[in-house]
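There are 4 protein chains.
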Amino acid sequence: MKFARIKQRFVKDELHDLGFSEKLTGNNRSLNTDGSFNVKHSGHERLTLEDVYNSLITMSWSKFSVVILLWFILINTFFACLYLMLGTEYLNGARGHELLEQFLDCFFFSAQTLSTVGYGHLSPSNYWMSGVAAFECLLGLLGFALATGLLYGRFSRPAAKILFSDNLLVAPYKGGQGLMFRMVNGRKTQLIETELLVILSLMVEENGQMVRRFFELPLERTKVNFFPMSWTVVHPFDENSLIYGYTAQMLKESDMELLVSLKSFDEIYSQTVYARYSYITEDIVWGARFIPMIKKQNGHALIELDKLNHHEEVALPLVILKSEEH
Amino acid sequence: MKFARIKQRFVKDELHDLGFSEKLTGNNRSLNTDGSFNVKHSGHERLTLEDVYNSLITMSWSKFSVVILLWFILINTFFACLYLMLGTEYLNGARGHELLEQFLDCFFFSAQTLSTVGYGHLSPSNYWMSGVAAFECLLGLLGFALATGLLYGRFSRPAAKILFSDNLLVAPYKGGQGLMFRMVNGRKTQLIETELLVILSLMVEENGQMVRRFFELPLERTKVNFFPMSWTVVHPFDENSLIYGYTAQMLKESDMELLVSLKSFDEIYSQTVYARYSYITEDIVWGARFIPMIKKQNGHALIELDKLNHHEEVALPLVILKSEEH
Amino acid sequence: MKFARIKQRFVKDELHDLGFSEKLTGNNRSLNTDGSFNVKHSGHERLTLEDVYNSLITMSWSKFSVVILLWFILINTFFACLYLMLGTEYLNGARGHELLEQFLDCFFFSAQTLSTVGYGHLSPSNYWMSGVAAFECLLGLLGFALATGLLYGRFSRPAAKILFSDNLLVAPYKGGQGLMFRMVNGRKTQLIETELLVILSLMVEENGQMVRRFFELPLERTKVNFFPMSWTVVHPFDENSLIYGYTAQMLKESDMELLVSLKSFDEIYSQTVYARYSYITEDIVWGARFIPMIKKQNGHALIELDKLNHHEEVALPLVILKSEEH
Amino acid sequence: MKFARIKQRFVKDELHDLGFSEKLTGNNRSLNTDGSFNVKHSGHERLTLEDVYNSLITMSWSKFSVVILLWFILINTFFACLYLMLGTEYLNGARGHELLEQFLDCFFFSAQTLSTVGYGHLSPSNYWMSGVAAFECLLGLLGFALATGLLYGRFSRPAAKILFSDNLLVAPYKGGQGLMFRMVNGRKTQLIETELLVILSLMVEENGQMVRRFFELPLERTKVNFFPMSWTVVHPFDENSLIYGYTAQMLKESDMELLVSLKSFDEIYSQTVYARYSYITEDIVWGARFIPMIKKQNGHALIELDKLNHHEEVALPLVILKSEEH
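Chains as they are written, first to last, in full-length UniProt numbering: chain A, 1 to 326; chain B, 1 to 326; chain C, 1 to 326; chain D, 1 to 326.
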């Protein structure tokens, strides 16, 4: 049967060469649609400063804002307590009498010191106060030095923003059929020497057990020099295809997943960037073709990003399944 | 005829391998002379912070200055209004009586807070005022942290500044003819392992229709280890050339375009840099050769950048077009 | 005997191709477990600013903090002395009468100037004082500009944090034996195109002398596309292995060392990263296999980092040593 | 004779492939010992901001300090004049009566504003003064933002500091002779995948004219994986060598130059670095060998940088020049 035919083509070690493990079996995706692997870590790792920096670089902007604000409030609270202990009588201009007022005087003196604004209506009047304030200044400047690096690091981290079509189409292709998806560069950066690797992941029977296997999917084209337009990626759905003759039902049963991995050179960031995407059986549309998303306009080509997912129904050419004997 | 001969050599898919699409047909350039592609985008993209950063990095310096100045004025206006609402009676040193004067007091207090200069002749006198001012300091410092990154990002973005000669010359070359242009590095940086790709774009007849086709143009040399001098790029205009025997008129009719793409390693920026240029039929000078732009002087070689475009008329050797039958 | 057999396979120059020298002989490790080479430098090198920067980038965080603090104290002490020489009578707000008090007034005025907090309760009252203060401001700002770069440089220096298993196991492998160790990515960054080079270092007899030799160790797999899971590296311990038939005693006598060198592309830092590790004979466990450290959990794979070193005893298949004559 | 033999081996175009031009002829060096090319530029280039930045990044530290100091003085002088024009009566705390005193009041107010120290003993008392001061603050912060980037840029520019031996030795090598020089990494950074290219440049007779020609010199080894020790580079001076049988006199007459070009990956800067060096005939020592600069010490290898140039006289094995006829 078909499964038998495929099994022979298995190169068992390919799985490992891609870096996936048999442990990743079952009906789970290997790759989430945001490009991250479906893997979690547990266990005691010694958290280093580099890991903290790493988190601060990769967390969302809203989370990052909260962290910055909290840091500002906490460090000021800490120094406010210190100044309170030294005594507000040594703080020129402090007029609070109750504890809360005294704390607020100290808190705002701390804030004005940490940020080096130093209006001067509050100022230290003895040497201990001055010493702590000098240390806080140093800390404040280093803190904002760090923030400068963090903000630069967050922004300058090159990342491709490739837009992938939501669907995989089974469309007519060179007299036969082709499995297609479409991509376009969502940024205004210029991508150079773009390479594509598409991995097919299938559950197959092996020694009576269903195990997940990974194969590199042959494509019409795996590299382009420039990528200024849209790119329709085509896997020729012919006899040489591993999934030749598979029906929608069969692909669903074998928990098919297409792992798309793109590598390119971003001219603005001057660095190599990567993008990943993943399609599952539910994303396939049988008998459809993409509607062109590029048109000519006033002497230049216009890419209509809205049309990335636009496709229309189309009759598929009949694929004659040759029997295994021939 | 000649067109027929060329058509046979067409490798249709080369077009796609370069990343261009058949949609880019007609008499438009593919590449502008500044190296950007003649392509525009439309459609709803969700604008992310990264896209904004990207724009701020790539916009012109004059535009960037205006953006920075506007940001400074707007944010100060916003905080001035806030302080006005809290009441100028809580602002030590504010002496304005009319609304405009009060607004200006608040505006300059805001400016002195945002920039952390904090002279102190204006200072907050209640806790609400102090709280807003503390928050503005934080924002100011983050804003200037961001500006630091932006300025660094704008300057440290490596970019080759290759100067290309304005004209393509048809000059004598090894007993025959050659299509030539000249390049020189316009920066004092050292370029290493410089590679060149020249693509010929032509309108050709195919199935009764005129379509644009792209071919890689063979060059005398496509790579140099170092690039300290000028480089005269030569396409031997012989029998093996796709455009062998083309007259000026024929090239014009076929809307010829030469797409020049250069890749190199910049030693100062320590990064890979790219440059692109484009020539069209109007740029060709028939029967001319470049005047040397390098001379010896006091024990070193001197490159005279002014002479990059200098060429002189020269008689072309006769090219005998062999008939197709031989 | 065995040593003889190995000697024939020696490619003497391989040693040099790896960059090691015969001078590195004897029972020393070539590589420390932290990945640094067991090499020291002596002699007069002119220390450049770049070397100082280099040290500041690579020193430990505790050392770095001390350097920053010392710099802050020393530079303020220097300027305090300068202000003291100019006379505290030209410092508005200075109230100290004794020398120490005057020094402290100057010291804190300096600190408030260097950090640009400038409360104003201390301010210069003549032009010389103002001039020195203006110069100190400039220096302070440049100093903190430098600190910004240093902090960014320290954090953004990409470094792989690969966790290596403590032990080398001799485990059953494909009917024979295999020498194995296990690695996992200790960061949440994504490693791409990971390559591995393992070098075997042995003391061998050559012309009656024991000299250290280096060989590339063949591995089951030397490259993976992605590295989201753990990777068990296997050297098949078969007839083709250089150390085939070696006993624990023999390996110890020949001062065996395994030099592990890993190269990968870090997607977050967008740069190539390297990791090195070294195993010696004492790290080998004979007859043991790794306990899986990956399990399925709620639809994703879970890597338990705590289990990296977990292994269990296992019987080794007998390895029949063929005699040399066959 | 010999020259004839060499001429036949000439691959004329190699010259161009290295990026050198016939224009670089005569008795000039192609490469200075600091690694720069012996080439100058003339002509009108439009100076862009990027070129200015470039200069600021590559100029010496002493020159850079002067530029920063001048910028600080000039911009403060400019703003001081502006404040003077607005009138010192609008500057709280200004006590100068004569023009010079007024100017100095304005100058230090400007300095305190630009550096955002803002003590407050000088402060603007009308809106025009405040407006100019606010603008100066913005400029000051941007200026120091730029300085931050410049300092980081200057320091983080990766550059190999390879120490080359002063002399080229003709030493005994494998029973014959070898042309040798020695290199060592002068930094504590780790160099990985180091590649070497050595080009031989000679004046040779061609069509009756003396022209300069370039050849790649074969080496014993052109690549090492790691470079923790010293590396003695050897060109086997045997029959296959282009300069086989050349005497010191003959090399001098042909204005020999060895162009050394090294490429490596610096692990600390995480970037590719380059180094260049050049030897001429005067640097050759005939009949000498390098004294080892590495010794064992307390369990590690010690590289003595002082000994890089140490060599001792040694008798050269006789090289029998085979006559051309055989």
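The reader is advised that the hints may include incorrect statements.
List of simulated lysine-lysine pairs, DSS-like, C-alpha gap at most 27 angstroms [to be verified]:
#1 D:K63 <-> C:K40
#2 D:K252 <-> C:K40
#3 C:K252 <-> D:K161
#4 B:K263 <-> A:K188
#5 A:K40 <-> C:K252
#6 D:K296 <-> D:K161
#7 B:K161 <-> D:K307
#8 C:K188 <-> C:K223
#9 C:K223 <-> C:K263
#10 D:K307 <-> D:K296
Note that these hints are calculated values from the structure, not bench results.
Hints and how they fare:
1. Taking the CA atoms of K63 (chain D) and K40 (chain C), the gap is about 34 angstroms. The hint is violated against a cut of 27 angstroms.
2. Between K252 (chain D) and K40 (chain C), the direct Cα distance comes to roughly 39 angstroms. Violation of the 27 angstroms bound is thereby established for this hinted pair.
3. At most 27 angstroms may separate the alpha-carbon atoms for a hinted pair to count; K252 (chain C) and K161 (chain D) exceed this at roughly 39 angstroms.
4. A distance of roughly 20 angstroms separates the Cα atoms of K263 (chain B) and K188 (chain A); the hinted pair therefore holds under the 27 angstroms criterion.
5. For the proposed pair K40 (chain A) and K252 (chain C), the alpha carbon gap of about 39 angstroms is over 27 angstroms, so the pair is violated.
6. With a CA separation close to 24 angstroms, the supplied pair K296 (chain D) and K161 (chain D) stays within the 27 angstroms bound.
7. As the CA atoms of K161 (chain B) and K307 (chain D) are separated by approximately 43 angstroms, the hinted pair breaks the 27 angstroms bound.
8. At roughly 20 angstroms between alpha-carbon atoms, K188 (chain C) and K223 (chain C) fall within 27 angstroms of each other, so this suggested pair holds.
9. For a cut-off of 27 angstroms, the pair hint linking K223 (chain C) to K263 (chain C) stands: about 9 angstroms separates their Cα positions.
10. Taking the CA atoms of K307 (chain D) and K296 (chain D), the gap is about 15 angstroms. The hint holds against a cut of 27 angstroms.
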